[in-house]
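So the sequence lines, in the order shown, correspond to chains A and B. With my numbering, you'll find the first sequence wraps up at 526, consecutive numbering, no jumps. With my numbering, you'll find the second sequence wraps up at 526, consecutive numbering, no jumps.
Some hints could be false.
Reference excerpt, derived from the structure (chain A facing chain B, CB under 7 Å, subset only) [to be verified]: (1) E116; (2) L127; (3) R156; (4) M157; (5) E177; (6) H433.
Far from chain A by the CB rule (all over 12 Å, computed), these chain B residues [as the list claims (entries may be wrong)]: (7) E165; (8) G309; (9) H433.
None of these hints come from the bench; they were simulated from the model. All C-beta atoms in this analysis are idealised placements derived from N, C-alpha and C, irrespective of residue type, glycine included.
This is what each chain is made of:
There are 2 protein chains.
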Amino acid sequence: MFEDAELGHSIDKATYRREVPPLRDALLEAQFELAQRKDFAVVLLINGVDGAGRGEAVNTLTAWMDSRYIETNAMGDPSDEERERPPMWRFWRALPPHGRIGIFFGNWYTAPIIDCVMSRKKHRMAALDRSIEEIRRFERMLAEEGMLLLKFWYHLSKPAQRKRLKSLERDPRLRWRVTKQDWQRFKLYDEFRAVSERALRHTSEAHAPWIVVEGVDERYRNLVTGKTVLEGLQARLQTPAGARAVTPVPAAPPVDAKDVINTLDLTRKLTDARYGGERERWQGTLNLLTRHKRFADHSVVAVFEGNDAAGKGGAIRRVAEAVDARQLRIVPIAAPSDEEKARPYLWRFWRHLPRQGHLTLFDRSWYGRVLVERVEGFCSEYDWRRAYSEINDFEEEMTRHGIVVVKFWLAISKDEQLRRFKSREHTSFKHFKITDEDWRNRKKWDQYVAAVCDMVDRTSTGLAPWTIVPANDKNFARIKVLKTLCTAMERELD
Amino acid sequence: MFEDAELGHSIDKATYRREVPPLRDALLEAQFELAQRKDFAVVLLINGVDGAGRGEAVNTLTAWMDSRYIETNAMGDPSDEERERPPMWRFWRALPPHGRIGIFFGNWYTAPIIDCVMSRKKHRMAALDRSIEEIRRFERMLAEEGMLLLKFWYHLSKPAQRKRLKSLERDPRLRWRVTKQDWQRFKLYDEFRAVSERALRHTSEAHAPWIVVEGVDERYRNLVTGKTVLEGLQARLQTPAGARAVTPVPAAPPVDAKDVINTLDLTRKLTDARYGGERERWQGTLNLLTRHKRFADHSVVAVFEGNDAAGKGGAIRRVAEAVDARQLRIVPIAAPSDEEKARPYLWRFWRHLPRQGHLTLFDRSWYGRVLVERVEGFCSEYDWRRAYSEINDFEEEMTRHGIVVVKFWLAISKDEQLRRFKSREHTSFKHFKITDEDWRNRKKWDQYVAAVCDMVDRTSTGLAPWTIVPANDKNFARIKVLKTLCTAMERELD
Numbered sequence: 033m034f035e036d037a038e039l040g041h042s043i044d045k046a047t048y049r050r051e052v053p054p055l056r057d058a059l060l061e062a063q064f065e066l067a068q069r070k071d072f073a074v075v076l077l078i079n080g081v082d083g084a085g086r087g088e089a090v091n092t093l094t095a096w097m098d099s100r101y102i103e104t105n106a107m108g109d110p111s112d113e114e115r116e117r118p119p120m121w122r123f124w125r126a127l128p129p130h131g132r133i134g135i136f137f138g139n140w141y142t143a144p145i146i147d148c149v150m151s152r153k154k155h156r157m158a159a160l161d162r163s164i165e166e167i168r169r170f171e172r173m174l175a176e177e178g179m180l181l182l183k184f185w186y187h188l189s190k191p192a193q194r195k196r197l198k199s200l201e202r203d204p205r206l207r208w209r210v211t212k213q214d215w216q217r218f219k220l221y222d223e224f225r226a227v228s229e230r231a232l233r234h235t236s237e238a239h240a241p242w243i244v245v246e247g248v249d250e251r252y253r254n255l256v257t258g259k260t261v262l263e264g265l266q267a268r269l270q271t272p273a274g275a276r277a278v279t280p281v282p283a284a285p286p287v288d289a290k291d292v293i294n295t296l297d298l299t300r301k302l303t304d305a306r307y308g309g310e311r312e313r314w315q316g317t318l319n320l321l322t323r324h325k326r327f328a329d330h331s332v333v334a335v336f337e338g339n340d341a342a343g344k345g346g347a348i349r350r351v352a353e354a355v356d357a358r359q360l361r362i363v364p365i366a367a368p369s370d371e372e373k374a375r376p377y378l379w380r381f382w383r384h385l386p387r388q389g390h391l392t393l394f395d396r397s398w399y400g401r402v403l404v405e406r407v408e409g410f411c412s413e414y415d416w417r418r419a420y421s422e423i424n425d426f427e428e429e430m431t432r433h434g435i436v437v438v439k440f441w442l443a444i445s446k447d448e449q450l451r452r453f454k455s456r457e458h459t460s461f462k463h464f465k466i467t468d469e470d471w472r473n474r475k476k477w478d479q480y481v482a483a484v485c486d487m488v489d490r491t492s493t494g495l496a497p498w499t500i501v502p503a504n505d506k507n508f509a510r511i512k513v514l515k516t517l518c519t520a521m522e523r524e525l526d
Numbered sequence: 033m034f035e036d037a038e039l040g041h042s043i044d045k046a047t048y049r050r051e052v053p054p055l056r057d058a059l060l061e062a063q064f065e066l067a068q069r070k071d072f073a074v075v076l077l078i079n080g081v082d083g084a085g086r087g088e089a090v091n092t093l094t095a096w097m098d099s100r101y102i103e104t105n106a107m108g109d110p111s112d113e114e115r116e117r118p119p120m121w122r123f124w125r126a127l128p129p130h131g132r133i134g135i136f137f138g139n140w141y142t143a144p145i146i147d148c149v150m151s152r153k154k155h156r157m158a159a160l161d162r163s164i165e166e167i168r169r170f171e172r173m174l175a176e177e178g179m180l181l182l183k184f185w186y187h188l189s190k191p192a193q194r195k196r197l198k199s200l201e202r203d204p205r206l207r208w209r210v211t212k213q214d215w216q217r218f219k220l221y222d223e224f225r226a227v228s229e230r231a232l233r234h235t236s237e238a239h240a241p242w243i244v245v246e247g248v249d250e251r252y253r254n255l256v257t258g259k260t261v262l263e264g265l266q267a268r269l270q271t272p273a274g275a276r277a278v279t280p281v282p283a284a285p286p287v288d289a290k291d292v293i294n295t296l297d298l299t300r301k302l303t304d305a306r307y308g309g310e311r312e313r314w315q316g317t318l319n320l321l322t323r324h325k326r327f328a329d330h331s332v333v334a335v336f337e338g339n340d341a342a343g344k345g346g347a348i349r350r351v352a353e354a355v356d357a358r359q360l361r362i363v364p365i366a367a368p369s370d371e372e373k374a375r376p377y378l379w380r381f382w383r384h385l386p387r388q389g390h391l392t393l394f395d396r397s398w399y400g401r402v403l404v405e406r407v408e409g410f411c412s413e414y415d416w417r418r419a420y421s422e423i424n425d426f427e428e429e430m431t432r433h434g435i436v437v438v439k440f441w442l443a444i445s446k447d448e449q450l451r452r453f454k455s456r457e458h459t460s461f462k463h464f465k466i467t468d469e470d471w472r473n474r475k476k477w478d479q480y481v482a483a484v485c486d487m488v489d490r491t492s493t494g495l496a497p498w499t500i501v502p503a504n505d506k507n508f509a510r511i512k513v514l515k516t517l518c519t520a521m522e523r524e525l526d
């Protein structure tokens, strides 16, 4: 969930100066319409890592908009009055009326996350899950009541947070902002990250998705915040007044040119000589792992996705070579059968889950819904948006049962794809591999990139992370796949 | 949740013989249309108390319908194959295709409920809640995928279950059906009931409500099952083919003439002499309770609902007389203010929650949504249907914070209401109490009764039960209210 927010996004001064004025105009206009229509309210939740610029982002946003119609609530420790009522009372009483925007620093996520990170109790995760369940019901109710919920998570990687705290300390004017508590919390960074990820994953829904914002660069932070609020408002204002359907909130718009795909180093290579040795090493490791005593209680589900001609088939074969065929099943996913169409979407994948001691390799997978089905319009926007959380649930069920879930996106450059397409057309035994559809998909390259970025953003989790494999060089890609699979299995079996 | 299923419903033979043939025809016709359209599947979950006739109800239903298109799954202990996959795998693989009906005995509720009842672990409720959360997400996904979910809970009261097990044992032909396990489970009846209630309450949603069926009388059981399936199917078949919106499932239709209102003994009385003594006693008790040391950490929320002219005001005054005015607040609920209209529905009630050591008496309440707003069409069906679970959440938040929640429905007969209306018209100082609206509401008497029955069915919980007060006699009603309030407070403060 945090991949995109660790890429080092930034916006240069000139771009910022150019983009802010029209953004402000548009924000004010949307806010004016909101105030005129008065048929729904907006709630902004502001959460994230200390030092990630939450306050600055909100200050900038309120400066850009008409602050008379924005209510900012900084919720610290509860007052007497508040402690004597159920915990949610303080938030209920601060809910903005229709036509207004309510900003909540410190909100219904704060205490459950912090309590879970700080707790030493054995059942702290169960307590977190219970809070999450209540939050989900609360937010669903708000959405049903017509409220627009925008939930921002300002993120810093661990090194970035350290750097940020140190630089604040060095600045005599800002030193006061770094407290002992900040450093104490920093020590718990990994724990905080894991707990937050769980909370975010379980509360990202079509009507209330999390928007994760990298907090390093001030201009980037501000632009993402402003543009996301604008897009959310505009989308909601397009639904007719009085319509009460729960509407999906659009994803954060891209603000600079960086994404998880184009920041990938596609030049990485492995010589044929080194490849031979590495392949032997990792195929050997994999074979031993599949015969490991403990593997009898576990299984593997591996997902292979990637650009057309990125070499999924070749990578899958290199895995298959290392495994006893009786333990392995390769499931190619094409159009669903009649039987499959007659059931819920995930049924066609559930049916292929391996027994213990077995591996299933999916050549394309359930991610089709948020890739090809999204881009080609084979399903409604509502359906692919809800798929993210349904997929996360599915994968969580697998991992909890001891299934090792690995997911590969094999990425090649547009030029490399062209080269491979042409070679397929000119080589008779590869000719069957290239179709008109491949050429049609290629024309939608950018839409697919956007879909891949959203997919990684929403479904790369601690339990089932995405591995994005630079695949211009087949040797490099195949070894990366073998090695990642072995590492994931070792972690589970040790 | 189980009130209605303990009233002793039954159907006589003649009625049954008359009603079954047209019901069978209609069921077959609906099933045929389902099979023709093939755009959604139906899942029936069969759960409940041992001995409540689950098997018989399903056997009858399948005999009535075309059993070729019904798949019955009796899920006992998982097989090897199943144990080696995540727990939900066995249910996934048994999901029926579009056009068919899948019946699940032993389903995703069975293990979580039984495990929780049997467990001695401290955190068993947290484990149950986690399972409930997963079930909610799973069922929501099924509904989004277009599936019609009908969840039946066959219920027996504790004495009824004992009687049923004994009568089975006496019958030589049926003795085999009563096992040691049944009697062991019977010892856990109260625990089982509490855990089941929690599970049912948290998983009753507009798109997947529980239908609780009293299991004593075979004919009644069969008719409710058949009619509910029919109404659910017919409602779903009315939505156009291919429409994917999550549709609410209708409530179970009334099958015999008994309900929680008309089984009430309205003749109960208290002489003026006895009333004086009782009133003194309970007002005194109440006063002491409000000055109890522990009440400083608690508070009271009391809801007064009832027929027009049932005497809500009088009952409230008798409570108020016993309490220091500084601790008490009476909140009359009329039409919402502009401020209130601009926020989510429950906001206007949250704002009046008392501080600790205080009592708030609501003269009408949040139940307006499922009573007057439902009957008068002031809100959409979708909105009042989702209100039940939102209200349960709200009340659970209160009780968990130590608030004592008591809810009174003051019930009078139609004749008694007429008498009181006329007396109000003829008594000058009461004249202000009677309006044209009262006469209009009276014309919808039956609709209000249906709404009250549904309300009690769905929102009377162990944490916040409804007390239905026979109020033809004001003395009796007032004492019943005082006594119930005192008992609830004593339970919390002791």
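Note to self: Tell me the numbers of any earlier hints that the structure contravenes, in ascending order.
What the structure shows: Violated hints (numbers, rising): 3, 4, 7 and 9; every other hint is consistent with the structure.
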